[in-house]
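Sequence order for the protein chains is A and B.
Mind the numbering: the first sequence is residues 19 to 454 in the working numbering, read in order.
Mind the numbering: the second sequence is residues 19 to 454 in the working numbering, read in order.
If you're looking for bench data, these hints aren't it; they were derived computationally from the structure.
No copy is singled out in the list; a pair is fine if it fits within one copy or between any two copies.
Within a straight-line C-alpha distance of at most 30 Å, the following computed DSSO-like cross-link-like pairs (lysine-lysine) qualify:
| hint | residue 1 | residue 2 |
| --- | --- | --- |
| 1 | 296 | 271 |
| 2 | 296 | 173 |
| 3 | 271 | 30 |
| 4 | 173 | 316 |
| 5 | 296 | 194 |
| 6 | 296 | 198 |
| 7 | 316 | 339 |
Number of protein chains: 2
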Amino acid sequence: MNIVLLSGGSGKRLWPLSNDVRSKQFIKIFKTVDGEYESMVQRVYRQIRSVDTKASVTIATSKTQVSAIYNQLGTSVGICVEPCRRDTFPAIALAAAWLHDVKKVSPKEVVVICPVDPFVEEDYFEAIERLGEIAESGEANLVLMGIEPTYPSEKYGYVIPKDGALVSRVSTFKEKPDLKTAQKYIDQGALWNGGVFAFKLKYLLDKAHELIDFADYWELYSKYDTLTKISFDYAVVEKESNIQVMRFSGQWKDLGTWNTLTEAMEEPNVGNVLLNEKCENVHVINELDVPVLCMGLKDVVVSASPEGILVSDKEQSSYIKPYVDSIDQQIMFAEKSWGSFRVIDIEDESMTIKVTLNAGRSMNYHSHERRHEVWTVISGKGRTIVDGIEQPVKAGDVIELPVGCRHTILADTEIKLIEVQLGHEISVHDKQKHSL
Amino acid sequence: MNIVLLSGGSGKRLWPLSNDVRSKQFIKIFKTVDGEYESMVQRVYRQIRSVDTKASVTIATSKTQVSAIYNQLGTSVGICVEPCRRDTFPAIALAAAWLHDVKKVSPKEVVVICPVDPFVEEDYFEAIERLGEIAESGEANLVLMGIEPTYPSEKYGYVIPKDGALVSRVSTFKEKPDLKTAQKYIDQGALWNGGVFAFKLKYLLDKAHELIDFADYWELYSKYDTLTKISFDYAVVEKESNIQVMRFSGQWKDLGTWNTLTEAMEEPNVGNVLLNEKCENVHVINELDVPVLCMGLKDVVVSASPEGILVSDKEQSSYIKPYVDSIDQQIMFAEKSWGSFRVIDIEDESMTIKVTLNAGRSMNYHSHERRHEVWTVISGKGRTIVDGIEQPVKAGDVIELPVGCRHTILADTEIKLIEVQLGHEISVHDKQKHSL
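With the hints as extra help, turn the sequences into a complete structure.
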């Protein structure tokens with residue numbers, strides 16, 4: 019079976035851990051049996067692997083997430099990269115074309131589309147296997163997963179099944195309702211639309227060709243930015259008459275806000291945290307090196323990262339977005355294909371960052387027009403190439419990189435270095451790539 | 019008139035802004051009329067100067083505070099340095115000897131001892147002038163300031179005056195009572211002991227010689243570590259029968275805890291802070307460069323510094339001390355005679371700090387046995403001396419300092435630099451001073 023995980027865009031609702039360059043699915047907050055912390059994407063990937071070791075997993079995502087995915091899942095995972103964001107129908111069409119044209123998946127094979135961020139247990143992926151089998155049988159063109167509602171939520175779309183059987187034909191779909199209407203739907207036996215769709219690859223390729231003019235994956239990729247933004251629900255699901263829905267009553271949580279995310283945490287604290295005994299229902303996620311001390315708080319979430327510090331009443335945390343939008347904050351931490359960086363000091367005419375290069379990786383060979391840089395290697399071994407000349411480097415070495423000089427570093431072991439950038443107009447855009 | 023301000027020890031009750039090396043009196047949180055922020059010591063010094071431009075002010079304090087005092091008040095302020103901590107009687111005796119032997123103050127002159135940290139208005143210092151005049155008249159050996167109590171506090175000692183006059187003889191002293199006893203004292207007309215004492219210098223010199231065997235200031239200084247720790251109240255005040263007390267009913271606040279400190283803040287926030295409209299009675303002091311966002315909090319204080327982050331219910335904040343004692347945190351920021359430093363990265367075998375040297379200042383000429391250092395100057399101009407050789411330095415210059423090399427930097431303008439320390443056992447104690 020082919021599983022396509024839709025790894026959605028960056029979001030600010032879990033600021034300061036998520037922002038324009040870090041997405042919530044990469045935050046490591048779930049404690050595993052061996053005491054380590056894993057992210058949503060790591061958890062979901064591990065669960066799929068444990069339920070179906072043979073499943074072929076593809077992650078459909080944007081360019082900006084590729085580094086984080088490889089860093090967290092390893093480089094053997096399939097990634098279908100969207101050149102830009104175009105909502106779920108173009109993303110699923112591109113993934114279908116990629117499976118067919120790049121991965122040579124037969125049009126007869128079943129594909130299950132699944133969001134990357136539900137907080138679920140393994141029974142969810144067992145249900146997804148069952149969903150694939152139902153799609154395989156060919157009784158319907160599309161098979162959905164319907165989540166048994168636990169409360170009248172205004173956040174979800176509703177699926178109304180024809181009957182109460184485990185697998186039923188779909189009678190109709192309802193958009194996100196108000197509270198009262200949601201209760202009415204639930205009384206009628208409605209299910210939440212969990213965003214999981216199973217179909218045979220041919221079905222989706224046909225739909226894609228019907229709605230978009232393209233020959234193959236490569237053409238679709240090249241014209242991706244011209245596609246209309248439209249959701250899969252709107253473009254396909256709501257227009258399809260031959261749909262089945264399978265009920266799922268296991269654990270299913272949508273961890274989109276601090277309120278719901280903290281409910282899913284095994285332990286109240288991650289990181290260097292101290293709570294006094296008068297704290298009640300307090301969760302703290304501290305990514306900084308210095309301690310967070312909480313005293314006498316109730317129903318509060320505290321989150322500290324290189325980007326900033328949030329202290330919020332849990333219920334209030336769901337209204338965070340406009341406040342975060344109003345913050346004009348330089349990106350302070352980012353994962354890159356070669357490792358990560360963290361800004362540790364900012365002055366008018368300098369910026370100091372800590373760079374971590376993963377073993378075996380290297381930066382692009384590049385130069386800067388408006389700044390010079392000083393690297394001090396603090397750990398690890400590797401090689402620099404500066405204006406074509408390769409030199410070994412180790413902890414304690416200093417490399418001065420004048421304006422315009424072409425440079426890169428190759429990490430033989432993991433390398434950490436302190437980079438001081440000096441100049442009048444320091445900008446991430448001042449970077450010219452060169453070939454070696 | 020001679021005013022001696024007792025600048026007490028470091029404390030952890032205002033962590034993370036105060037700790038073993040930063041005292042609460044140096045935290046800049048009081049907004050002045052020109053929009054800048056001043057510390058307790060700056061506020062008190064400014065108030066004294068505005069009430070009595072001719073007052074001779076001496077700060078009695080420990081070695082560790084000298085840099086911070088010079089940085090905040092300028093180098094013209096008198097400082098009487100205690101070589102170690104020995105409670106208030108030895109401190110006041112040392113200050114008296116310093117005034118007599120170093121500053122050549124006549125034994126007939128009046129001295130007023132005053133804590134450095136009450137949060138008061140100028141009428142308090144007008145009352146102190148009046149206190150000095152009463153001491154000048156010689157009716158009593160000691161004149162105290164009695165604060166009109168505003169509530170039955172368990173935190174203060176009480177002075178019971180003989181009558182209700184503005185200036186009265188003292189009947190008796192009472193130690194910190196319980197709540198019920200405090201109310202009883204107040205009903206009897208008791209006043210809080212505000213820690214302010216006025217006397218003629220000769221009186222105190224005589225007392226000091228009576229209790230300590232010493233010839234002059236220099237001998238007292240050299241044997242200071244052998245003196246018994248004893249408070250001025252216990253050694254002198256409670257044994258003296260000829261005492262007057264003057265009532266003071268103006269504003270007087272003891273800003274010893276986050277709860278009382280935030281009450282005295284003009285504005286709810288200092289630094290990069292965003293509160294949503296659902297916050298109520300929330301104070302935030304953020305010394306970091308990144309934003310603090312608070313949502314839906316009530317009666318909470320948030321404080322973020324390079325040392326850590328506190329989030330506390332205001333009332334609970336008074337129980338902070340044992341929690342802070344349990345935190346084993348490296349000092350991340352400190353003021354020095356030459357400027358300040360901040361730790362910006364810590365790894366197993368390296369530490370990176372940002373150093374700010376004030377214009378005209380220089381570090382000690384020193385070397386390290388177990389680490390080498392790399393300095394990258396990020397702003398300013400000055401000179402380095404490395405193994406005896408002086409060189410000009412400016413922004414962008416890199417100075418490598420191998421193990422054992424003797425080095426210093428002299429700031430012609432303010433200089434900022436990033437210092438990467440590299441070695442197996444990095445410690446502040448690995449520092450050998452040399453003469454140039």
